[in-house]
Structures are given as structure tokens and as C-alpha cells.
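Number of protein chains: 2
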Amino acid sequence: MLKYSRQRESIKKYLDTHRTHPTAEIVYQNVKQEFPNISLGTVYRNLNLLAERGEILRISPGNGPDHYDADLTPHYHFLCTECGQVLDIDMEHQAQLDDIAMKQFDGIITNHVTQFFGLCPKCNNTKMN
Amino acid sequence: MLKYSRQRESIKKYLDTHRTHPTAEIVYQNVKQEFPNISLGTVYRNLNLLAERGEILRISPGNGPDHYDADLTPHYHFLCTECGQVLDIDMEHQAQLDDIAMKQFDGIITNHVTQFFGLCPKCNNTKMN
DNA sequence: ATCGAAAATAATAATCATTACTATTTTGAG
DNA sequence: CTCAAAATAGTAATGATTATTATTTTCGAT
Chain Y
1 MLKYSRQRES IKKYLDTHRT HPTAEIVYQN VKQEFPNISL GTVYRNLNLL
51 AERGEILRIS PGNGPDHYDA DLTPHYHFLC TECGQVLDID MEHQAQLDDI
101 AMKQFDGIIT NHVTQFFGLC PKCNNTKMN
Chain C
1 MLKYSRQRES IKKYLDTHRT HPTAEIVYQN VKQEFPNISL GTVYRNLNLL
51 AERGEILRIS PGNGPDHYDA DLTPHYHFLC TECGQVLDID MEHQAQLDDI
101 AMKQFDGIIT NHVTQFFGLC PKCNNTKMN
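Residue numbers (our numbering), protein chains in the order written: chain Y, 1 to 129; chain C, 1 to 129.
A portion of the hints provided could be inaccurate.
All copies of an identical chain are treated as equivalent in the list; a pair is satisfied when it fits inside any one copy or across any two copies.
Subject to a maximum C-alpha distance of 35 Å in a straight line, what follows is the list of computed DSBU-like cross-link-like pairs (lysine-lysine) [what the hints assert, rightly or not]: (1) K32 with K122; (2) K3 with K103; (3) K13 with K103; (4) K103 with K32; (5) K103 with K12; (6) K3 with K32; (7) K122 with K103; (8) K122 with K3; (9) K13 with K3; (10) K12 with K122; (11) K32 with K13.
Worth flagging that the hints you see were computed from the coordinates, not collected in a lab.
Given the sequences, and given the hints that come with them, work out the whole structure.
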């Protein structure tokens, strides 16, 4: 049975009010200002719990730590190959991909994750100079 | 300047002849039969080197170790949420996704990675019993 | 063919992200 | 209120990968 915790509420609130796709470490640094004694393990445990319950999304880039997102509307992410920043991509959810993939596949496909790679606006401008 | 190494050749050959998307550890266990003294670090270094040179692909599932693939034709992968197995998905490369994503995006998108999730044929059959 | 610098290796230590453990504190149903 | 279940802080441990270092291998120049 799930019990309330002030720490978890603060973690969730941080994600709800910051759409920057923070890592566990970033969440930790920030929630620490309200709960100076909070431990990194508590942040991880609650991020996992919230992700399992479907209240937040976990974004796993190929390398480096996972990022978290409280925006539950189906959307895609962009990962900058230069600075590692995670940005939202404004495009329709491509549900048909699962159907196309299923055609020649003998198992069950329930969903897909697509990540886009390239240069974010900032890194792109820097490169141009 | 790149210099030849027997160990690297053996690693590449293993990937060329086994399309099972092995992890570094699996490659290590197998190449060890030809080079009993090879170290895991050598396997990692060469897998990274081959991936950087575009001779093999790295597949990063959200959790667990990376997998490697010598099949360079653009294709998608399926990850079984039950057993973790990585399988090839037989479908066209969806190059248009990058264009769609670019429309409302101010940076540069060079490519995308899509991973499909669900139950592999084997796990799906097991579940049905 | 052999010399020697650059590259690769084996062995091992270190790092990073994350999870596990444990004693203590907090929560909330009865 | 009571008290068991859940959550916590603090810390140790884990798994995957990278870094370090002394030694060996490769290969172009002599």
C-alpha cells in the first residue's frame, strides 16, 4: 500500500514545474533546497516508483544518466549529440509504426520509443561561427 | 593511425558470423576461445573503435548492457520486455520521420533510433499457456 | 631484415549510475 | 492513540564501462 511522503511530493512537483527533462542528480540538487537531508537513493526510489505508476516518463539516452519527464502526452525527444540536452519534438505520435513493425513479426509489439539525434538550436548556432 | 590486431579481427568476425546482437560480455566469452588471454577491456575498446568507424552498430536498451550488431543496413530493433532479447524488425527505414521532426525544430536532425517493445515470439507463446 | 615510434594489449584500478541494505522515522487504518 | 507497513537517510554494494600502466605488437622507414 502506497503511503504519502513529503519528499515524493516535492520530487513530483519539481518535475511538474520544470519541463527540462532533468536527471536524478539534478532533481536531487533541487529538492535538496526544500529537504536538505534527502538522500540520492530516495530520489531514485521515488523516480522509479512514479515511473512504474505511469506518473512520469523515463528517458534513457544511449549514454549517460536517465532523464525524467512529467509530460505524459505521447511525444518524442531530441538528444543533442554535442551537449547532451534533451528537447521535446513537436510532432504527432506515429502509432502506425507499431502496425508496420508487427506485419512481419511473430511476437507482440506494444509500443515504440523513437529518439532523434543531431544538433540543438544552440549548438547549431555555435558551430556556424 | 590504426594498426591491425588479431583480437580486433576476431571480434569483428564473431559479430559478422553471429547476428544475435551480443553484448560485450558475450563477445568476450566467445573470442576468449581463440584468445584465452584477451581481456574484457580489449573487447570494449575494439567494440567502441569499430562503432566509431561505423563498422558495427551499438544498440543501447534502456537498461542493461549495450548490444552490438554488424548488420549495417538501416533497420530497426525489437526488445523483449520479458527476456531482454534483441531481434531485428523487418520493415522499411522510415526516413520521413526525420523530416517530420525537423518541421517544427530549430536545430539539425541527422538521424533517429526507434526501438520496438513487447513480447518476443518465444515469451508470447509461454504466456499463452 | 631490423629499428623504433606509435598503437594495441592484458591486467588491474577507478568511475559512473544505480540499486540494495539497515537502522530509524513517518504514515495512516483500525 | 496504537502499531504495522511504508518511507527515509546514510551507506555499502553492484554492474557496466572507462582509465591507467607496463609490456607487447605492428609496420613504415632505414
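task = Kindly indicate which numbered hints from before are broken by the structure, ordering the numbers from low to high.
result = Of the numbered hints, 2, 4, 8 do not hold.
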